[in-house]
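Trainee: Chains as they are written, first to last, in the numbering used here: chain A, 169 to 483; chain B, 2 to 288; chain C, 526 to 836.
Mixed in with the good hints, there may be bad ones.
[As the list claims (entries may be wrong)] Under 10 Å between C-beta atoms, here's a sample of chain C residues computed to sit facing chain B: (1) 532; (2) 535; (3) 537.
Note that these hints are calculated values from the structure, not bench results. Using N, Cα and C, we set each Cβ at its ideal position, and we do this for glycine too.
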Amino acid sequence: MSLTTPDRFGAQSANEVTVRLTSSSRDVKGRAVEWTLLSTLLISLLILVALIVNLVDRAWPILSGRLGDFLSSGIDASSAADAGVWQAIRGTLILSVIVAVVAFPLGIACAVYLEEYAGKSKVAGLIRINVRNLAGVPSIVYGILGLTIFVKFAGGLTGGRTVISGGLALSVLVLPVVIITASEALRAVPRSIREGALGVGATQWETVRSHVLPSAAPGILTGTVLALSRAAGEAAPILLVGAVTGLLRTGNQSLWTQITDGGFTSMPVAIFSYARQTGADFQAVTGAASLILLILVILINGLAIWLRNRFERSW
Amino acid sequence: MSVHDSSLTSTRQNGEVSMSTTPETEKVPVFRTRDLAVYYGDFRAVRDVNVDINGQEITAFIGPSGCGKSTVLRCFDRMNDLIVGARVEGKVEYHGIDLYDKDVDAVEVRRRVGMVFQKPNPFPKSIYDNLAFGPRLNGVKKKGELDAIVESSLKRAALWDEVKDRLKASAMGLSGGQQQRLCIARCIAVEPDVILMDEPCSALDPIATARIEDLMQEIKRDFTIIIVTHNMQQAARVSDRTAFFTTEVNPESDRRTGVLVEFDFTEKIFSNPGDERTEAYVTGRFG
Amino acid sequence: MAHATGQWQTTDLKLSSDRRRSDTRMRWLFTAAALTTLVVTLLIIFILFRDAWSFFVEVPKADLWTLGWFPRRGYFDVKTLVVGTLMVTGIAMLIAVPLGLGVAIYLSEFARPRVRKFLKPIIEILAGIPSVVLGYFAISFINPNIITALVGGANKAFNIAAAGVAVGILTVPIIASVTEDALRAVPLSLREASYGLGARRVPTVFRVVLPASISGVVAALILGISRAIGETMVVAIAAGAVGGGLFSTDPFKPGQTMTAAMAALGFGSDQVAGDGLAFQSLFFIGFLLFVFTLLLNLLGDRLVRRVREEY
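Just chain A, with the same shape it has in the complex (with noise of 0.2 Å):
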């Protein structure tokens, strides 16, 4: 039995309804289409392998010849047979210690103000938007600040050129990407814990400390980590402060002498540094350099990823 339409739209057999009904994969304009759009997926993909197997290629006279060595031997500039990037890694991890000693309370005591104390009112909006602008401000500027305000007004106290300076740059450059996510974890909180805190004659101090913080720990904490990562790729603000770019001493001065006093470096510094040596020799130390900051950069981000995973909360 056939289906017939008004002849408007043309007899239609039964037959034919069926083929357009179930031929959707006949649809060749529309799968070509998402074939493009996977396509973008793809390339992203592509660069970021071309990118490790590049690293790795061209890292590898080291990683297979001399990695030990270059994991202990100091900043070089000059040679690269001696070159190596302990200063550096420990440069980095100094100022990530920094980073979170001064912008994490900071940044989530601000994030607490903001959604525990002020809600809608004006200053909150201000501040919110002056976060948000913050956030996106270039990195050089964050430089400009920390070599106008840590190393020359506040020389006294930082030391000058040091790694003071350089972590509390970071640390005002990292605030306000702390700033919002704790403020995304403060929002999640259900307002009905608050209620039932305050309803039984808690203050809002003892609401936040008792209840609201401790639920928002988890997404607190993937925040900070995710900013940590952020702050140990980064490379003007150090390069402005001061680090050492050519050949760093360290001697035998104690640790503490060193951070208060001394030059220092990190390892995006030192990777800049590297890349702009001419020599064929070069390419391999600073291959290698950046390998270990990507390879660091990406296992701190699946810190958070798991961290985000692992204690997500459904309300």
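Using the hints provided, position chains B and C relative to the given structure of chain A.
Mentor: For chains B and C alone, coordinates are given in the frame of chain A:
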């Protein structure tokens, strides 16, 4: 600040307010409101509320949606303070003290005037910690004392037998009805003298609802209870006095303002209401 | 419960002073923390403006429009830097816009949930790559392999194009994530309406969903541009022209952007010289950069907030 030894009931008919005083020398109003109005920004949510809430009684606020019953309830524990732009005008007196006096600390008010919310909101912690939270804030540190408070609060909330073996388990694992009783126990733990209940049973099944209604009757000896409810039958079953609110449309702004229509003994409200609007609501003709 | 009967005083409703003081103290602490962010912005503006103004006042104006940017020799041709920045940004957007939009549209509208979960981390990893690493990638891979292939070897070892491509790669994640947010904010009911009329997925996406999310897409592009403009290290490594650059519009030659010029000025021996005109030009360029990116960010932010609430 004299102790009032008579309770006040008011009815409004044709725009005129008439007062009748019933001498009940043993009952002292815990709350008294005079011309209470609440604004959210420019919007007047509820106006001209005059009620006396007596101790050891259950007072019900009933009325259609949007009539301001919850708003008025939240005046009694100053929860409206949390809403940006909320403003309270008129007087709310608690044991004769102006609740909104600048020397009165809202946090202390909330300890004495507890609140149970529509959707049970236990803390995502253990049952024990839920109950111990309030007392710890108030300085109770010793484990022995806390244990005693936890046990007695749970007993008074009729939850002890069900949870006594798993006090350290998470409160989120309890059923809805159990969670709500936990919230009531949590209030009781800080020894309030008033418990406000904002539609406490609307998220619960009928059996859990019945248990909470029974619980209310048991604890009203020790606490003054004010309950907001959508469920008229519940109000009729449970309360001693009832206040009926309704909404009035403001012709200029087309917004609804809540207003207290009638406040009297529950029996009277439901069997022989003074105002025709009350009658229309309780007989189900509207709302 | 000391007053079952009898008179109550206002003081009965006072909170223990320890708790009240503690609460007030913490409140002030949090407020101070929030105010520091305002202080930071004010400091940035003040620091940049003070020396930028001083530079602008002192510099012989003819030196601002000259053959190139050689600050140590007194040539401060700003347009060299601006053109350099525009070229890098332009090339970057050529890469980042198709890739970023494509990725976002695919992940949001076409990918099945399991596929999405698998592929989305690619973008997140891309977002985490430090810019110095991409800068090195530009000179060690992009330039020898891709650019050379494009122009048959007519390019220099350091050039704008290679840097531009690398900046483009850097910008893909931000365009992708903001666009994806915008697409996901489009209500399901809109899509259902389209499918209900018999439309297939592709027309639905391009004729219904994308137009509905256009302000978010535009925001993504604006924020991407802002990111590309502000990128420093990639250009510092890959575009060459460390000491300065002649004015040029050829992307296959070395070039100088605002950010790289600032980097070149800000480190090394110039700092010792301190207050020379050359050093002050750092602040001048910085101020211009700050204003550009601020305006772009404000605009992009306005559009983003139309798409979703707050952050």
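Trainee: For every hint, state whether the structure bears it out.
Mentor: Cross-check of the supplied hints:
| no. | hint | in the structure |
| --- | --- | --- |
| 1 | 532 | holds, 6 Å |
| 2 | 535 | holds, 5 Å |
| 3 | 537 | holds, 7 Å |
Every hint, counting from the list given before, is met by this structure.
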